[in-house]
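Participant: Residues per chain, in single letters:
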Amino acid sequence: MSALIARAEVHGPEAGFGERIAENQRRVFQIAYSVLGNSADAEDAAQEAFLRAYQKFDSLRDAEKFRGWVNRIVFRLALNRRRGHGRRLTRDTAWQMTETRTMVDGAKDAEQLVMLDRLRREIERLPEKLRSVLQLSLAEEMEAADVGAVLGIPEGTVRSRMHTARKLLLEVMK
Amino acid sequence: MNGACEKWKDQLLEAALAGATTKDLEEHLRGCAKCSTELDEVRARAARLDALLPLVARGAEPSADFRARVLAAAEAASEGKRARPWRAWTLAGAAAVVVVVLMVAVTWQRRTARMIPGDELAGAQKLAEWRAPSDGLLRTPGQEILRTMPKLGESYLNVPVKKDEEE
Chain L
1 MSALIARAEV
11 HGPEAGFGER
21 IAENQRRVFQ
31 IAYSVLGNSA
41 DAEDAAQEAF
51 LRAYQKFDSL
61 RDAEKFRGWV
71 NRIVFRLALN
81 RRRGHGRRLT
91 RDTAWQMTET
101 RTMVDGAKDA
111 EQLVMLDRLR
121 REIERLPEKL
131 RSVLQLSLAE
141 EMEAADVGAV
151 LGIPEGTVRS
161 RMHTARKLLL
171 EVMK
Chain X
1 MNGACEKWKD
11 QLLEAALAGA
21 TTKDLEEHLR
31 GCAKCSTELD
41 EVRARAARLD
51 ALLPLVARGA
61 EPSADFRARV
71 LAAAEAASEG
81 KRARPWRAWT
91 LAGAAAVVVV
101 VLMVAVTWQR
111 RTARMIPGDE
121 LAGAQKLAEW
131 RAPSDGLLRT
141 PGQEILRTMP
151 KLGESYLNVP
161 VKKDEEE
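Chains as they are written, first to last, in the working numbering: chain L, 1 to 174; chain X, 1 to 167.
Hint data in this document are derived by calculation from the structure and do not stem from the laboratory. There could be a bad hint or two in this list.
BS3-like cross-link-like pairs, simulated, lysine-lysine; straight-line CA separation at most 25 Å [as the list claims (entries may be wrong)]:
| # | chain 1 | residue 1 | chain 2 | residue 2 |
| --- | --- | --- | --- | --- |
| 1 | L | K174 | X | K126 |
| 2 | X | K23 | X | K34 |
| 3 | L | K167 | X | K9 |
| 4 | L | K174 | X | K7 |
Produce the complete structure using the sequences and hints provided.
Facilitator: Take a look at the structure:
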């Protein structure tokens, strides 16, 4: 284990940083993944977000502050990365995404995976405002208030956009 | 769904999403088997959608060594930062030297610009006093008269009269 990992868990200027990563990594990764659609890019974006948080860690020691800040940053980084990559951005297929998971009911899962691929494509076609709300809401532990904090919109607006997005998806996912 | 039932489409979607129907829709459903079937289908679709949506992102996981990699990258960045102060001082010193050199150069240039050599000055004076050769040709006797300002009652053409002519 490297010196910083040891320090991060004991004391020093980096104390608590390792703990913050552990608390936030799944959600931060999922936010990036919902925007980028592939694990490699999502991990890069998540890592960059944590490194930026590390540089400002003195002002981000509070767990809630850290959580809000890193959510915002990873979403922006993921959006920038997506814009930068444009058409070159590859998406994991549902098969790649679930390759390590056990299929309990093969036939049912196969159908579900096809539907999941289709759903992702339909999400991509949603208007930007609805898509952002939906993508952020899909990550774990992202309540309407958290999504609103990232996008700078009220909680009520998040709920209403989420409803509209679901309605549009329900209409097209026949 | 037939053409007459088209207007209920939106309400059916809302009912499937909200899980509740309005009074109007309920009344319509009592008399319309097609819309009742449609509502059941939309509800089933909504349930499938709600089951699928979380999988869009939540099925994905960061790799097992993600935290260790981030910490290692942070360590590398912080070591780079610690090793960088001498570089910062070197850059600051170089910048100071450049500024001083620029200041000296500007001052020197201004001073030399003020010191005009004697021959250049004489040449400039000559140029300032230069008159075109045609200026002499343009000179007329009237110019002298026009340069003088006549007093009140006098005329520009105050030609003196010879005394013997008066007599």
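Participant: Against each hint, give a clear statement of whether it holds in the structure.
Facilitator: So, going through the hints one by one against the coordinates:
Of the supplied pair hints, the one linking L:K174 and X:K126 is violated, its CA atoms being roughly 97 Å apart against a limit of 25 Å. For the proposed pair X:K23 and X:K34, the alpha carbon gap of about 18 Å is at most 25 Å, so the pair holds. Of the pairs offered as hints, the one joining L:K167 and X:K9 holds, with about 11 Å between alpha carbons and a cut-off of 25 Å not exceeded. Under the criterion of a C-alpha separation no larger than 25 Å, the hint pairing L:K174 with X:K7 is consistent with the structure, at around 19 Å.
Consistency note: the structure conflicts with earlier hint 1 alone.
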